[in-house]
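What follows is the residue order along each chain.
Protein chains: 2
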Amino acid sequence: MKISVIGAGNVAWHLSIAFENHHHQVCEIYSRQLSKAKAITSMLYQAEATTSLDFSESKAELFILAVSDDAIAEVCSKLVLPENAILAHTSGTRSLNELQQLMVSYHDLPIRCAVFYPLMTFSIQKRIQMKEVPFCIEADEEMAENQLVKLAQGLSKTVYLISSQERKVLHVAAVFACNFTNHLLALAKEITIEEELEFDLLKPLIKETFQKAMAAEHPADVQTGPAVRGDNSTMNNHLIYLKDRTDLFEIYEIMSESIQQWHA
Amino acid sequence: MKISVIGAGNVAWHLSIAFENHHHQVCEIYSRQLSKAKAITSMLYQAEATTSLDFSESKAELFILAVSDDAIAEVCSKLVLPENAILAHTSGTRSLNELQQLMVSYHDLPIRCAVFYPLMTFSIQKRIQMKEVPFCIEADEEMAENQLVKLAQGLSKTVYLISSQERKVLHVAAVFACNFTNHLLALAKEITIEEELEFDLLKPLIKETFQKAMAAEHPADVQTGPAVRGDNSTMNNHLIYLKDRTDLFEIYEIMSESIQQWHA
Numbered sequence: 001m002k003i004s005v006i007g008a009g010n011v012a013w014h015l016s017i018a019f020e021n022h023h024h025q026v027c028e029i030y031s032r033q034l035s036k037a038k039a040i041t042s043m044l045y046q047a048e049a050t051t052s053l054d055f056s057e058s059k060a061e062l063f064i065l066a067v068s069d070d071a072i073a074e075v076c077s078k079l080v081l082p083e084n085a086i087l088a089h090t091s092g093t094r095s096l097n098e099l100q101q102l103m104v105s106y107h108d109l110p111i112r113c114a115v116f117y118p119l120m121t122f123s124i125q126k127r128i129q130m131k132e133v134p135f136c137i138e139a140d141e142e143m144a145e146n147q148l149v150k151l152a153q154g155l156s157k158t159v160y161l162i163s164s165q166e167r168k169v170l171h172v173a174a175v176f177a178c179n180f181t182n183h184l185l186a187l188a189k190e191i192t193i194e195e196e197l198e199f200d201l202l203k204p205l206i207k208e209t210f211q212k213a214m215a216a217e218h219p220a221d222v223q224t225g226p227a228v229r230g231d232n233s234t235m236n237n238h239l240i241y242l243k244d245r246t247d248l249f250e251i252y253e254i255m256s257e258s259i260q261q262w263h264a
Numbered sequence: 001m002k003i004s005v006i007g008a009g010n011v012a013w014h015l016s017i018a019f020e021n022h023h024h025q026v027c028e029i030y031s032r033q034l035s036k037a038k039a040i041t042s043m044l045y046q047a048e049a050t051t052s053l054d055f056s057e058s059k060a061e062l063f064i065l066a067v068s069d070d071a072i073a074e075v076c077s078k079l080v081l082p083e084n085a086i087l088a089h090t091s092g093t094r095s096l097n098e099l100q101q102l103m104v105s106y107h108d109l110p111i112r113c114a115v116f117y118p119l120m121t122f123s124i125q126k127r128i129q130m131k132e133v134p135f136c137i138e139a140d141e142e143m144a145e146n147q148l149v150k151l152a153q154g155l156s157k158t159v160y161l162i163s164s165q166e167r168k169v170l171h172v173a174a175v176f177a178c179n180f181t182n183h184l185l186a187l188a189k190e191i192t193i194e195e196e197l198e199f200d201l202l203k204p205l206i207k208e209t210f211q212k213a214m215a216a217e218h219p220a221d222v223q224t225g226p227a228v229r230g231d232n233s234t235m236n237n238h239l240i241y242l243k244d245r246t247d248l249f250e251i252y253e254i255m256s257e258s259i260q261q262w263h264a
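Those protein sequences? They're chains A and B, same order as listed. Residues in the first sequence are numbered from 1 upward in steps of one, following UniProt numbering. Residues in the second sequence are numbered from 1 upward in steps of one, following UniProt numbering.
Chain A on its own, in the form it takes in the complex (with noise of 0.2 angstroms):
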């Protein structure tokens, strides 16, 4: 397939690269700044670094719109396509239908829109195994689709058909999963220093939990501490602790009700 990349960010960065991995040409990189473009195409065999969104000359089939949320708004106002392009954007949490009326109040021809997430955290320093990354795609019409599942699953074992309401719901439950979950790693690492401790001791037994939570059935399961333990003379020595560090005292008595809650 022939595709350019609108943006050069992290996620424009790992689906150009596995593209040209898979065998797909890569035309054009947008972004504002031409040498954020250029560091992409650099790693590329033949794209071309562009500043412009005048793509009406593009050789591309599928447009691929990785920029920030914030910025799909501006994007679309100023972009021009190729007929019978597909403009798939890769957010979490933009519905298709807002890309579609982004398209139709500031073009006359109809644009063909989907959705191409990749649902994974991406950093430009690390490396990721595309093939592990599921893949959700949503399109307005079945030849779109059926294309942008074929190139998913020509990058990765797991592609799956999803709306944007279901992908809303799968962004809330991310949110819990990896952003709360990583600033309690935080708030944990902050309790350490705090004493002086070495955060270091700590790993192993996270470790180990995350393995458990992934293995079981369902996590709630696994669930350890003494809130589900009903350890009460435990909680109230920790909220003691706690009593000068409002946000960790509320977080701790707000987590320790809702397991208490589950596991009634």
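Simulated from the structure, these hints should not be mistaken for laboratory data. Here the structure is a predicted model, which is why all the values come from computation and not from measurement. Keep in mind that the hints are not guaranteed to be accurate.
[Stated by the list, open to error] Partner residues are not named here, just some residues of chain B that face chain A (Cβ under 10 angstroms, in silico):
id: 1; residue: Ala-173
id: 2; residue: Cys-178
id: 3; residue: Leu-184
[Claimed, not checked] Here are the simulated DMTMM-like pairs of lysine to aspartate or glutamate, each with C-alpha atoms no more than 25 angstroms apart in a straight line:
id: 4; chain 1: B; residue 1: Lys-2; chain 2: B; residue 2: Glu-145
id: 5; chain 1: A; residue 1: Lys-168; chain 2: B; residue 2: Glu-253
id: 6; chain 1: B; residue 1: Lys-243; chain 2: A; residue 2: Glu-253
id: 7; chain 1: B; residue 1: Lys-36; chain 2: A; residue 2: Asp-231
Note that the Cβ used here is the ideal one computed from N, Cα and C, for glycine as well.
Fit chain B to the given chain A structure using the hints.
Quick look at chain B alone, frame taken from chain A:
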């Protein structure tokens, strides 16, 4: 070393096997239910199962008290130990002082008390690499401390001298890093189940999140998601979606606030 283990739960099981693997002699395994003690002794070379807490005739030099926190007081009230024995509990939450007080109040002879705390979550079904388990040692006299450190160093590559206060702080941190994170994973699974989505879709992302957090200088350095981005429209969307789920709504709010406070 000659060791007896009081208790027949997961910690007792894993430690007993580890002691024998490292050429220590396990003399007795105590449980209120003989069958539970026998389940462990059947795995060992010559340990005896017992339901009596009178160890006056025991050859053991070290007694590992691996019962639940709530059972410690009752066991101590009945415990009869041979002269010069060391009694070490394996609890993350109980102080050395508590154990000393209990033993003084129930016994005429002074007992050498200690803590031998493996900072790990143990399940009966799951083998643990004991070499990777950090051991936290504390004792009320140097000779006992040295003996326990030597014993732990034989089992594990990570052995720390940790005071009761430090152990308490580690335990608070572990509640955040392990118990609460596990619960967040359970909540995330519940969100996917309600919408008939597969939790497996999120597993690669969860795995990557944890690997990143563990590899980072500080987990806060790799925080992602709408809260740290200040993406209020996504957060509002999520809160509207969660409005009928009081516990999820509150956790979402308080965790997002805490993330924003941190990264302000």
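Open item on the list: Going through the numbered hints above, which ones does this structure break? Give me the numbers in ascending order.
Closed with: none
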